[in-house]
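Make a model of the complete structure from these sequences and hints.
Per my numbering, residue 159 is the first one in the sequence shown, and the count goes up by one each step.
It cannot be assumed that every hint is accurate.
[Said to hold, decoys possible] No more than 30 Å apart at the CA atoms, straight line, and that leaves these computed lysine-lysine pairs for DSSO-like:
#, residue 1, residue 2
1, Lys-216, Lys-169
2, Lys-169, Lys-329
3, Lys-169, Lys-199
4, Lys-226, Lys-338
5, Lys-199, Lys-216
6, Lys-342, Lys-226
7, Lys-169, Lys-180
8, Lys-180, Lys-435
9, Lys-197, Lys-342
10, Lys-220, Lys-199
11, Lys-220, Lys-435
12, Lys-329, Lys-342
13, Lys-197, Lys-428
14, Lys-180, Lys-326
15, Lys-226, Lys-216
16, Lys-435, Lys-226
17, Lys-197, Lys-220
18, Lys-220, Lys-428
19, Lys-180, Lys-197
20, Lys-197, Lys-169
21, Lys-226, Lys-199
22, Lys-180, Lys-338
23, Lys-428, Lys-226
24, Lys-342, Lys-216
If you're looking for bench data, these hints aren't it; they were derived computationally from the structure.
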Amino acid sequence: MATLTRPQIVKAIDRALRCRLKAGYEAIEPVCVFDLATKLKVEVRFVAGNSFGGMYAKDFEKILIPTKRPPGRQAFTCAHELGHWAFGHGTRVELIEELDKGGSDDPDERMANVFASHLLMPDWAVEDAFRRRSLVPARCEALDCYRIANQLGIGYETLVQHLRYGVKLIKDDRAERLLKTSPKEIRTNVLGTPDPRHLIIADQYWWRVPIDLTVGDALILPVGFQADGAVLQQIGITFHGTWFEAVRPGYCRVFSEDHGWSSFVRVARKDYVGRSKFRFLEDPDVNEPA
159 MATLTRPQIV
169 KAIDRALRCR
179 LKAGYEAIEP
189 VCVFDLATKL
199 KVEVRFVAGN
209 SFGGMYAKDF
219 EKILIPTKRP
229 PGRQAFTCAH
239 ELGHWAFGHG
249 TRVELIEELD
259 KGGSDDPDER
269 MANVFASHLL
279 MPDWAVEDAF
289 RRRSLVPARC
299 EALDCYRIAN
309 QLGIGYETLV
319 QHLRYGVKLI
329 KDDRAERLLK
339 TSPKEIRTNV
349 LGTPDPRHLI
359 IADQYWWRVP
369 IDLTVGDALI
379 LPVGFQADGA
389 VLQQIGITFH
399 GTWFEAVRPG
409 YCRVFSEDHG
419 WSSFVRVARK
429 DYVGRSKFRF
439 LEDPDVNEPA
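Spelled out as structure tokens, the structure:
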């Protein structure tokens with residue numbers, strides 16, 4: 159496996175941080191990468207199917223993301239393709255098998271991966287996410303990492319590997335222990351039943367970014383937190399908090415009982431196809447009375 163030189167790694171990290179700043183985000187903030195791309199005037203489109211991992215079309219300055227991919231993978235792929243844009247690379251089509259195993263040996267692909275990791279998970283943002291929750295990465299458990307991965311908009315395993323190899327906040331033994339617990343097992347533990355749907359766990363430390371869901375996704379909030387509007391439906395109470403389901407596209411606000419904390423929730427149509435910035439528009443055909 160080819161490795162990058164230190165100057166190449168530094169260049170990729172620097173370019174990622176510069177893109178954050180250009181889009182108006184500080185290094186400590188979580189980001190929605192699709193919003194960030196839009197602010198950089200790079201169009202992101204979700205496309206039907208799952209035959210490829212992602213694509214950057216240089217001539218049109220567009221990024222294509224398959225709508226069937228898991229949310230965390232979609233976000234990382236978008237950040238990866240944005241890396242190709244930032245470095246002025248040519249048109250790229252990513253194969254699913256290469257993305258899933260960490261990319262090819264092509265130096266451009268590996269630089270795009272480093273760029274993506276530090277665009278989504280810069281040291282400051284990762285450390286702040288743990289600090290806000292009074293957590294120490296070296297002693298964190300699987301559920302802790304899952305919460306923080308949700309906050310940063312990436313996959314659980316992606317965060318664990320970044321903690322190990324990227325920001326070097328955990329050792330190999332802790333990483334291997336965390337990786338023994340799958341996201342599916344975490345969802346089952348939290349919801350109390352095997353459930354294939356995507357699950358977001360948000361807490362009072364969630365900040366700066368909206369909570370993004372797709373119709374059918376599950377959301378856990380601390381007990382007592384409430385939601386306004388019609389896009390979320392309360393399912394019940396679990397050991398880990400109040401379980402809501404995203405039932406229709408659109409926007410709403412969730413808030414604590416004392417109104418000391420609140421966040422916007424954005425719900426997209428399931429398997430949405432089109433420009434990313436339109437994915438949360440309300441669909442009049444969803445859940446309308448007969």
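Cross-check of the supplied hints:
no., hint, result
1, Lys-216 <-> Lys-169, "21 Å, holds"
2, Lys-169 <-> Lys-329, "25 Å, holds"
3, Lys-169 <-> Lys-199, "22 Å, holds"
4, Lys-226 <-> Lys-338, "25 Å, holds"
5, Lys-199 <-> Lys-216, "13 Å, holds"
6, Lys-342 <-> Lys-226, "17 Å, holds"
7, Lys-169 <-> Lys-180, "16 Å, holds"
8, Lys-180 <-> Lys-435, "19 Å, holds"
9, Lys-197 <-> Lys-342, "33 Å, violated"
10, Lys-220 <-> Lys-199, "9 Å, holds"
11, Lys-220 <-> Lys-435, "13 Å, holds"
12, Lys-329 <-> Lys-342, "23 Å, holds"
13, Lys-197 <-> Lys-428, "24 Å, holds"
14, Lys-180 <-> Lys-326, "27 Å, holds"
15, Lys-226 <-> Lys-216, "23 Å, holds"
16, Lys-435 <-> Lys-226, "18 Å, holds"
17, Lys-197 <-> Lys-220, "13 Å, holds"
18, Lys-220 <-> Lys-428, "22 Å, holds"
19, Lys-180 <-> Lys-197, "8 Å, holds"
20, Lys-197 <-> Lys-169, "22 Å, holds"
21, Lys-226 <-> Lys-199, "24 Å, holds"
22, Lys-180 <-> Lys-338, "38 Å, violated"
23, Lys-428 <-> Lys-226, "9 Å, holds"
24, Lys-342 <-> Lys-216, "36 Å, violated"
Violated hints for the displayed structure, listed by number in ascending order: 9, 22 and 24.
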